[in-house]
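Protein chains in written order, with the working numbering: chain Y, 17 to 292; chain S, 17 to 292; chain G, 17 to 292; chain W, 17 to 292.
FYI, nobody ran anything at the bench for these hints, they're computed from the structure.
Treat the numbers as computed from the prediction; the structure is a model and nothing was measured.
It cannot be assumed that every hint is accurate.
Simulated restraints, written as ranges between beta carbons of each label pair [said to hold, decoys possible]:
no., chain 1, residue 1, chain 2, residue 2, range
1, Y, 154, S, 31, 45 to 51 Å
2, G, 41, S, 37, 46 to 52 Å
3, Y, 230, W, 263, 50 to 56 Å
4, W, 151, Y, 230, 53 to 59 Å
5, W, 263, S, 286, 41 to 47 Å
6, W, 31, Y, 60, 38 to 44 Å
7, G, 37, S, 90, 43 to 49 Å
8, S, 154, Y, 28, 41 to 47 Å
Glycine included, every Cβ here is placed at the ideal spot set by N, Cα and C.
4 protein chains.
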Amino acid sequence: MNSDRKYSRREHPEDSLVKINDRITIGGPEVVIIAGPCAVEGRDLYLEAARLVKKAGASILRGGAFKPRTSPYSFDGLKEAGLEILAEAKKETGLPVVTEVMDARDLEAILQVADILQIGSRNMQNYTLLREVGQVDRPVLLKRGFAATIKEWLMAAEHIMDAGNERVILCERGIRTFETYTRNTIDLGAVVAVKELSHLPVVVDPSHGTGRASMVRPVARAAIAAGADGLLVEVHQDPENALSDGFQSITPEEFRRLMAEVSGITTVIDRQIYRF
Amino acid sequence: MNSDRKYSRREHPEDSLVKINDRITIGGPEVVIIAGPCAVEGRDLYLEAARLVKKAGASILRGGAFKPRTSPYSFDGLKEAGLEILAEAKKETGLPVVTEVMDARDLEAILQVADILQIGSRNMQNYTLLREVGQVDRPVLLKRGFAATIKEWLMAAEHIMDAGNERVILCERGIRTFETYTRNTIDLGAVVAVKELSHLPVVVDPSHGTGRASMVRPVARAAIAAGADGLLVEVHQDPENALSDGFQSITPEEFRRLMAEVSGITTVIDRQIYRF
Amino acid sequence: MNSDRKYSRREHPEDSLVKINDRITIGGPEVVIIAGPCAVEGRDLYLEAARLVKKAGASILRGGAFKPRTSPYSFDGLKEAGLEILAEAKKETGLPVVTEVMDARDLEAILQVADILQIGSRNMQNYTLLREVGQVDRPVLLKRGFAATIKEWLMAAEHIMDAGNERVILCERGIRTFETYTRNTIDLGAVVAVKELSHLPVVVDPSHGTGRASMVRPVARAAIAAGADGLLVEVHQDPENALSDGFQSITPEEFRRLMAEVSGITTVIDRQIYRF
Amino acid sequence: MNSDRKYSRREHPEDSLVKINDRITIGGPEVVIIAGPCAVEGRDLYLEAARLVKKAGASILRGGAFKPRTSPYSFDGLKEAGLEILAEAKKETGLPVVTEVMDARDLEAILQVADILQIGSRNMQNYTLLREVGQVDRPVLLKRGFAATIKEWLMAAEHIMDAGNERVILCERGIRTFETYTRNTIDLGAVVAVKELSHLPVVVDPSHGTGRASMVRPVARAAIAAGADGLLVEVHQDPENALSDGFQSITPEEFRRLMAEVSGITTVIDRQIYRF
Chain Y
17 MNSDRKYSRR EHPEDSLVKI NDRITIGGPE VVIIAGPCAV EGRDLYLEAA
67 RLVKKAGASI LRGGAFKPRT SPYSFDGLKE AGLEILAEAK KETGLPVVTE
117 VMDARDLEAI LQVADILQIG SRNMQNYTLL REVGQVDRPV LLKRGFAATI
167 KEWLMAAEHI MDAGNERVIL CERGIRTFET YTRNTIDLGA VVAVKELSHL
217 PVVVDPSHGT GRASMVRPVA RAAIAAGADG LLVEVHQDPE NALSDGFQSI
267 TPEEFRRLMA EVSGITTVID RQIYRF
Chain S
17 MNSDRKYSRR EHPEDSLVKI NDRITIGGPE VVIIAGPCAV EGRDLYLEAA
67 RLVKKAGASI LRGGAFKPRT SPYSFDGLKE AGLEILAEAK KETGLPVVTE
117 VMDARDLEAI LQVADILQIG SRNMQNYTLL REVGQVDRPV LLKRGFAATI
167 KEWLMAAEHI MDAGNERVIL CERGIRTFET YTRNTIDLGA VVAVKELSHL
217 PVVVDPSHGT GRASMVRPVA RAAIAAGADG LLVEVHQDPE NALSDGFQSI
267 TPEEFRRLMA EVSGITTVID RQIYRF
Chain G
17 MNSDRKYSRR EHPEDSLVKI NDRITIGGPE VVIIAGPCAV EGRDLYLEAA
67 RLVKKAGASI LRGGAFKPRT SPYSFDGLKE AGLEILAEAK KETGLPVVTE
117 VMDARDLEAI LQVADILQIG SRNMQNYTLL REVGQVDRPV LLKRGFAATI
167 KEWLMAAEHI MDAGNERVIL CERGIRTFET YTRNTIDLGA VVAVKELSHL
217 PVVVDPSHGT GRASMVRPVA RAAIAAGADG LLVEVHQDPE NALSDGFQSI
267 TPEEFRRLMA EVSGITTVID RQIYRF
Chain W
17 MNSDRKYSRR EHPEDSLVKI NDRITIGGPE VVIIAGPCAV EGRDLYLEAA
67 RLVKKAGASI LRGGAFKPRT SPYSFDGLKE AGLEILAEAK KETGLPVVTE
117 VMDARDLEAI LQVADILQIG SRNMQNYTLL REVGQVDRPV LLKRGFAATI
167 KEWLMAAEHI MDAGNERVIL CERGIRTFET YTRNTIDLGA VVAVKELSHL
217 PVVVDPSHGT GRASMVRPVA RAAIAAGADG LLVEVHQDPE NALSDGFQSI
267 TPEEFRRLMA EVSGITTVID RQIYRF
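Given only the sequences and the hints, what does the whole structure look like? Please build it.
Pasting the structure below:
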């Protein structure tokens with residue numbers, strides 16, 4: 017891989033620190049935990065989830081208002097109404113918010129609320145969208161395409177950086193393989209690889225990465241042990257009735273256990289969890 | 017897979033016939049050959065290529081004006097200037113044109129020229145784009161995502177059809193596997209499978225499907241023998257100096273051999289090549 | 017890939033012709049059809065199947081006496097009793113027989129009957145077995161490992177050839193990918209690739225390659241159109257009650273249709289089906 | 017997956033403890049580290065390596081005397097001479113030894129030395145070999161086939177257990193995917209999955225799992241954090257001159273760092289490293 021790339025560690029040997037709202041830093045010694053439901057499904061449910069994950073130690077909220085769905089007949093998000101709920105949750109908890117942008121035409125509305133713009137796995141090679149988020153002043157969480165090589169993932173980051181926005185956070189979320197027991201195959205080796213090749217921070221999504229709630233906690237521990245700078249975890253008070261991805265969402269109680277275990281792991285590698 | 021889908025053959029047992037300009041029909045007994053350079057690189061080169069492939073028997077021209085590229089530093093198409101060249105080639109040859117749309121904001125300009133809108137492999141799950149092309153009155157050639165299952169591919173067609181446009185042509189162009197000798201693994205079984213599951217026509221792109229010029233001709237024969245309704249072939253007068261994908265482009269002379277062989281195959285399966 | 021290999025076409029530009037019993041040649045202008053049930057399940061059933069496929073135009077019989085099975089509790093073949101049935105079928109029809117060898121210790125018994133030794137997909141990298149069949153005077157049909165690259169497949173052939181047996185017939189039988197609709201993804205591009213890289217003959221197994229009886233016929237046509245030197249087809253009188261792989265076995269009637277269509281394809285590419 | 021399998025946790029809810037030489041237990045609270053060169057290359061080199069890894073905290077030695085190789089022209093092990101060196105290393109250090117068996121005919125000689133029999137990735141579906149090692153009284157380390165599903169891997173264990181040997185240790189060593197930056201994609205989710213599905217112990221091979229020496233240490237930490245019962249690590253004094261897999265072998269010094277870090281991880285999850 018060429019070393020004269022903006023993403024390249026050879027160009028930029030020190031770790032990049034991505035600031036969120038001048039308060040939280042991703043990529044430094046502190047590990048950052050992002051949590052919340054997959055989708056914003058309703059006001060009360062979301063506000064309660066936000067309070068619960070904050071109390072358990074999350075420092076950034078996640079929640080989809082615009083949802084890409086394989087079927088046109090699945091729930092695809094509350095859209096603008098979802099953004100309003102995110103704004104309310106943000107105001108109440110004080111936590112920053114990450115939410116997905118699928119269409120450049122939604123960007124203006126999303127920028128009113130989002131502290132981090134998420135590019136989803138299916139849009140990792142939607143280059144027009146990458147260049148759009150490359151032109152705004154907001155950090156971007158770039159999920160790895162489910163069949164993207166490490167090089168293609170880094171080149172997607174390059175599109176954003178080349179357009180002017182260097183605040184890119186990579187997110188490993190599992191790749192598609194022949195294995196069917198898990199929804200995806202989480203590639204923790206990729207975390208190590210991108211840390212070698214790039215100065216950009218990388219977080220791990222153990223929820224999509226496994227597709228099984230029972231596997232989220234041990235994979236979260238492993239991700240931090242491998243050197244990830246943070247986690248993106250789906251938490252839902254009532255996973256069985258979630259409108260999206262309930263099978264891979266953990267309960268707030270399980271999330272508290274996850275936080276305790278991950279906290280233990282960080283101490284061994286001379287890091288600690290960022291506390292808001 | 018659910019049978020109450022618009023793409024489903026159970027819903028619609030007869031083959032769908034997609035009309036191009038009220039003249040050419042894709043999905044009927046006649047096999048349709050689409051050919052031309054990967055990208056529109058310049059006026060004279062493209063016009064000559066258009067004449068050559070027409071003379072060899074192609075009935076639709078291909079050529080990219082907007083090109084998705086892994087690297088932001090690669091040639092990404094002539095854009096509006098490319099569309100003008102396509103318009104000129106179309107006027108001169110009389111052949112309809114297929115070209116890729118990557119961004120809904122380019123759609124108005126592309127609709128001035130394109131007789132078929134191409135959705136590229138990397139955008140197969142760009143649902144906002146699918147819905148945009150679902151709202152216009154123009155056939156859509158939907159390339160299979162390079163890591164999309166057959167079901168996901170058909171559901172991408174469903175997004176377009178559900179938005180109102182039922183003139184979808186599927187295009188198998190190879191999938192990503194562990195094999196590295198070929199650029200992709202052409203999945204001719206998928207041609208047979210989608211014919212069973214869906215009434216939509218399906219064409220095959222042996223150029224991307226193999227990534228090797230020497231393999232295009234035999235794979236083209238096999239595609240038609242398997243039941244494909246057409247081919248999408250990259251032809252370039254000077255493959256070694258092509259700005260995009262020269263290694264998989266065949267020369268006009270090789271294309272003539274391909275046409276002769278494919279023509280032979282069609283007679284065995286009670287079809288024939290459409291002649292413009 | 018190195019060109020100083022025994023399998024390499026650069027070393028040996030002309031196609032290798034593998035003689036079976038001094039009568040049938042695989043790799044020449046004639047296409048050879050191998051057919052029969054997946055496993056030898058019983059005397060009467062097998063003898064009837066042998067007669068039917070011979071009548072329909074097959075020139076070599078297939079049938080497993082020793083069957084590798086994922087589960088230790090599945091039917092794993094009649095073993096020696098199966099070999100006796102194969103011997104009887106061979107005597108009655110006069111057709112040569114191909115059967116799988118899984119263990120070098122069975123080789124002596126199998127050599128009493130088999131005209132071609134089959135190495136199954138799961139044993140493609142069982143190098144001790146490869147070297148054993150490399151030391152006997154009998155053609156070897158080497159199935160591609162279901163996750164073997166083209167290079168690894170050719171190197172497995174090299175193990176056999178290096179041990180002294182140059183009569184190797186390659187067999188493409190589908191590879192493992194992310195797709196789950198088909199049992200395997202048939203890689204017809206690989207047929208073209210090995211013909212370029214190697215002088216060895218290559219046949220295609222559309223039954224394992226698709227895992228769906230309804231797809232066998234069109235994929236068989238495509239394989240021959242791509243340049244395969246033969247086919248290996250599972251045929252069973254009563255697929256629903258087969259002890260092994262019934263879902264991918266075609267009936268004798270469907271096999272007759274396959275033969276007619278494949279025969280048509282051969283004429284277009286200046287070949288013909290070998291008739292016993 | 018059926019629950020009435022010998023490997024199944026539903027049948028046998030408690031973790032299986034596999035005893036090595038009545039001294040070391042794999043699958044209990046203590047994490048077991050297996051280390052040494054990929055292949056036994058020579059007496060002095062191997063004896064020194066054995067001393068170094070013992071001193072650094074390994075409690076079992078690894079080293080191949082019989083090596084499966086893709087090319088028939090690569091170094092394939094010292095065979096009987098290699099076994100003698102293993103015997104000497106074992107005598108000198110007192111540590112048990114694991115070595116690969118590729119051919120049932122070598123088993124008698126290997127049983128004179130090996131405390132654990134290794135079944136390599138390429139032989140995971142060599143069922144005759146699985147049944148052979150299922151009939152001896154010696155623990156078996158069963159590497160996952162590089163393209164085996166979790167279910168197929170557990171069914172391979174079932175073949176061994178059904179033949180009479182229940183002392184099976186699973187070993188995750190990476191799977192084959194589209195990614196080419198790493199030699200394999202280490203599947204740490206599979207460690208969690210087999211712990212849920214089975215009572216058998218599971219160890220991880222970060223050397224083959226990544227194919228890059230620089231990635232071994234962080235992946236080793238992650239494996240233990242995910243819940244693995246041990247590690248299998250390639251260590252070589254002079255990786256650049258190793259006859260086999262030097263690019264993925266770490267130095268004794270790097271191995272000492274690995275031991276220190278992994279030891280830290282174990283304390284967080286209420287385990288500890290077994291010390292011989």
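Consistency of the hints with the structure:
Between residue 154 of chain Y and residue 31 of chain S, the C-beta spacing of about 48 Å keeps the proposed range 45 to 51 Å intact. Judged by the Cβ atoms, the range 46 to 52 Å given for residue 41 of chain G and residue 37 of chain S holds: they are separated by roughly 51 Å. About 36 Å separates the C-beta atoms of residue 230 of chain Y and residue 263 of chain W, a value inconsistent with the hinted range of 50 to 56 Å. The given range of 53 to 59 Å is broken by residue 151 of chain W and residue 230 of chain Y, whose C-beta atoms sit roughly 36 Å from each other.
Between residue 263 of chain W and residue 286 of chain S the beta carbon distance is about 56 Å. The supplied range of 41 to 47 Å is therefore violated. In this structure the hint that residue 31 of chain W and residue 60 of chain Y lie 38 to 44 Å apart at CB holds, the actual value being about 43 Å. At roughly 56 Å, the beta carbons of residue 37 of chain G and residue 90 of chain S sit outside the given window of 43 to 49 Å. For residue 154 of chain S and residue 28 of chain Y, the hinted distance range of 41 to 47 Å is satisfied, since their beta carbons lie about 45 Å from each other.
Violated hints, in rising order: 3, 4, 5 and 7; the structure is consistent with all others.
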